Amino acid sequence: MKDVYITRIAKFLPNEPVGNDQMEARLGLLNGKPSRSKNIVLRSNQIKTRYYAIDENGAVTHNNAQLTEQAIHNLCDDTFTVKDMQLLSCGTSSPDQLLPSHAAMVHGLLKNGNLEINSASGVCCSGMNALKFGYLSVKSEQVNNAICTGSERSSSRLRATIFEEEMVTLNQLEANPILAFEKDFLRWMLSDGAGAVLLENVPNGPVSLKIEWMEGYSYAFEMETCMYSGGEKLADGSLKPWSEYPAEQWGKQSIFSVKQDVKLLGEHILEKAVDSLTKAYDKHGISPEDVDYYLPHISSNYFKQGFYDEMKNKGVEMPWEKWFLNLEKVGNIGSASIYIMLEELVNSGKLKKGEKILLFVPESARFSYTYAYLTVH
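Those letters in the sequence shown? Residues 1 to 377, by my numbering.
If you're looking for bench data, these hints aren't it; they were derived computationally from the structure. Note that this is a predicted model, so its numbers are computed, not measured. All C-beta atoms in this analysis are idealised placements derived from N, C-alpha and C, irrespective of residue type, glycine included. One should not assume that every hint holds.
[Stated by the list, open to error] What follows is a list of derived Cβ distance ranges for each label pair:
id: 1; residue 1: S44; residue 2: E321; range: 23 to 29 angstroms
id: 2; residue 1: I286; residue 2: A247; range: 50 to 56 angstroms
id: 3; residue 1: A247; residue 2: D21; range: 36 to 42 angstroms
id: 4; residue 1: K2; residue 2: S243; range: 38 to 44 angstroms
id: 5; residue 1: D96; residue 2: D3; range: 32 to 38 angstroms
id: 6; residue 1: D275; residue 2: R43; range: 24 to 30 angstroms
id: 7; residue 1: L115; residue 2: G32; range: 48 to 54 angstroms
id: 8; residue 1: Q305; residue 2: A235; range: 30 to 36 angstroms
id: 9; residue 1: G113; residue 2: L136; range: 20 to 26 angstroms
Whole structure, please, built from the sequences with the hints as guidance.
Below is the structure:
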């Protein structure tokens, strides 16, 4: 089998950064009143700026496919164009529609000829799953190169207009209606953007990153749903899908909004993360000593110290000086976060030949975790 290298990496962040004091004006007020949870959530996640694919008037500037297309164009130049691409593998949790697939829509915008496409669904891990499909395709000599992406356009699902019908219903039922915290919570967490990498079977350019291995772990066999969209969680922990609700309930209950069971998240996300981490370490015979840069996708800085403490308690402490994060500047961009974090590290000029990078992406949807171990060439 061939070795596989990340030879190029690019990002696209739409419009100008949005500060904490601008968020609610951009997303809109619910029921004409400021959110009760906004300041609490922002104090916990410590995000200072993020990016939205909507302008100051609330108008959409880019859909998800367009964000991804732009990141891919930023990856290319005269020496490698979109027409040289042999495989397109795209991950997202916020496709523009149910069908066609996200990768098909991106390919439709690129108009770069016939090639294989792959769409990875899920939440944050979808970007890594897209990367793994490309990695395995190049490694097994199905193709000589692949472009893999992670992208999100969450803002359009966070705007106040999405919840208007539910707020009308709540106003009819309650004297002091507020949106449930499980829905309002994520309005102050998520951002828009896209990242892309070029995979090749030989090192190329000033910095190439050899993918030594990738691993994924799912705990869905023992954990109920934690983060979800297009359904409602029932008292027994099961998920009732949108297709089993009458159409008039879709708006009244904001069925398609993104929701988070924050209690379940807090109880299990760190424990399962370190369990999966030790599994990856044991399988490949490495430890924190074999990592020079640790890039964890953390949805909120609230979890940062707890994650460190959990690793320390399990004997796999990762020293703080190895951590590389950019959450405060770009926000939580879901499946794109790990691409955009890695892009910043590669372009920082810090990397030296032979150094090792560990990528870590958790997904709270039903508790999945993915890893990639890279060597700088």
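These are the hints, each one checked on the structure:
no.	hint	verdict
1	S44 with E321: 23 to 29 angstroms	24 angstroms, holds
2	I286 with A247: 50 to 56 angstroms	52 angstroms, holds
3	A247 with D21: 36 to 42 angstroms	38 angstroms, holds
4	K2 with S243: 38 to 44 angstroms	42 angstroms, holds
5	D96 with D3: 32 to 38 angstroms	35 angstroms, holds
6	D275 with R43: 24 to 30 angstroms	29 angstroms, holds
7	L115 with G32: 48 to 54 angstroms	49 angstroms, holds
8	Q305 with A235: 30 to 36 angstroms	33 angstroms, holds
9	G113 with L136: 20 to 26 angstroms	23 angstroms, holds
Against the hints set out earlier in the document, no violation occurs for any number.
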